[in-house]
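Peer 1: From first to last, the protein sequence lines are chains A and B. Sequential numbering of the first sequence, starting at 1, is according to the working numbering. Sequential numbering of the second sequence, starting at 114, is according to the working numbering.
Fair warning: there could be bad hints in the mix.
With the Cβ distance kept under 8 Å, some of the chain B side facing chain A (calculated, not the full set) [to be verified]:
hint : residue
1    : Lys153
2    : Lys154
3    : Leu156
4    : Leu158
5    : Val168
6    : Glu169
7    : Phe177
8    : Pro179
9    : Ala200
10   : Leu203
11   : Thr219
No more than 27 Å apart at the CA atoms, straight line, and that leaves these computed lysine-lysine pairs for DSS-like [stated by the list, open to error]:
hint : chain 1 : residue 1 : chain 2 : residue 2
12   : A       : Lys100    : B       : Lys153
13   : B       : Lys132    : B       : Lys153
14   : A       : Lys73     : A       : Lys100
15   : B       : Lys154    : A       : Lys108
16   : A       : Lys73     : A       : Lys112
17   : A       : Lys78     : B       : Lys135
18   : B       : Lys131    : A       : Lys78
19   : B       : Lys131    : B       : Lys149
20   : A       : Lys100    : B       : Lys135
21   : B       : Lys131    : A       : Lys73
22   : A       : Lys112    : A       : Lys100
23   : A       : Lys100    : A       : Lys78
24   : A       : Lys78     : A       : Lys55
25   : A       : Lys73     : B       : Lys149
26   : A       : Lys78     : A       : Lys112
27   : A       : Lys108    : B       : Lys153
28   : B       : Lys135    : B       : Lys153
29   : A       : Lys108    : B       : Lys132
30   : B       : Lys149    : A       : Lys108
31   : A       : Lys70     : B       : Lys132
32   : B       : Lys154    : A       : Lys73
33   : A       : Lys112    : B       : Lys153
34   : A       : Lys108    : B       : Lys131
35   : B       : Lys135    : B       : Lys154
The set of hints was computed from the structure by calculation and includes no laboratory data. Bear in mind that the values here come from a model prediction, so they are computed numbers and not experimental data. Ideal Cβ positions, reconstructed from N, Cα and C, are used throughout, including at glycine.
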Amino acid sequence: AQTVTQSQPEMSVQEAETVTLSCTYDTSESDYYLFWYKQPPSRQMILVIRQEAYKQQNATENRFSVNFQKAAKSFSLKISDSQLGDAAMYFCAYRYNFNKFYFGSGTKLNVKP
Amino acid sequence: ETGVTQTPRHLVMGMTNKKSLKCEQHLGHNAMYWYKQSAKKPLELMFVYSLEERVENNSVPSRFSPECPNSSHLFLHLHTLQPEDSALYLCASSQDLGLAEFSTDTQYFGPGTRLTVL
């Protein structure tokens, strides 16, 4: 069975600092996709970053980057120069097929001014 | 914000009521999804529709009945729900199911309907 584990229920970071959110997953597949989604309070969930498992290069999107370790089945999200607007729930997700889409339980990120 | 809207945003219903949740996407996507987000539990995929055809029912009880009349609209009909069905119900859409190489499968989520079953 495929599962996604986010071991940090809540984290805090000082504004302008860097924070890393952890995610591990379990799969027997070799080709799959990994995602980080952000869900601000009372707002819509939006895609932050996406990684294809067949790509060795880590995905980056502006201040967001991932550390994808396929052998270790690890997919952490690094947020650089944290901003107040980054405060949200962050969900790691794994997708193998259209109906095999699994989310972690989320990490609540607090950003302190 | 992301082109996916959901109504109502909040719903309180009794166990004997019948209600419907509505989702509409304005993105020209071909695939739509229903998810259930319970407190302290991972997001759970419930149903998947592609080109108005249901392609996945992820072991969801029959008291939840989806309907997709066209590629822009998705409904979730509710009847005789239980208190444990209280949750945030999220709708999402994507260009396609992401089955083909290089296809776009990124899902765009709606704001959700907060459902409370009394």
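Peer 1: What hint numbers does the structure not satisfy?
Peer 2: 7, 8, 9, 16, 17, 18, 21, 22, 29, 31, 34
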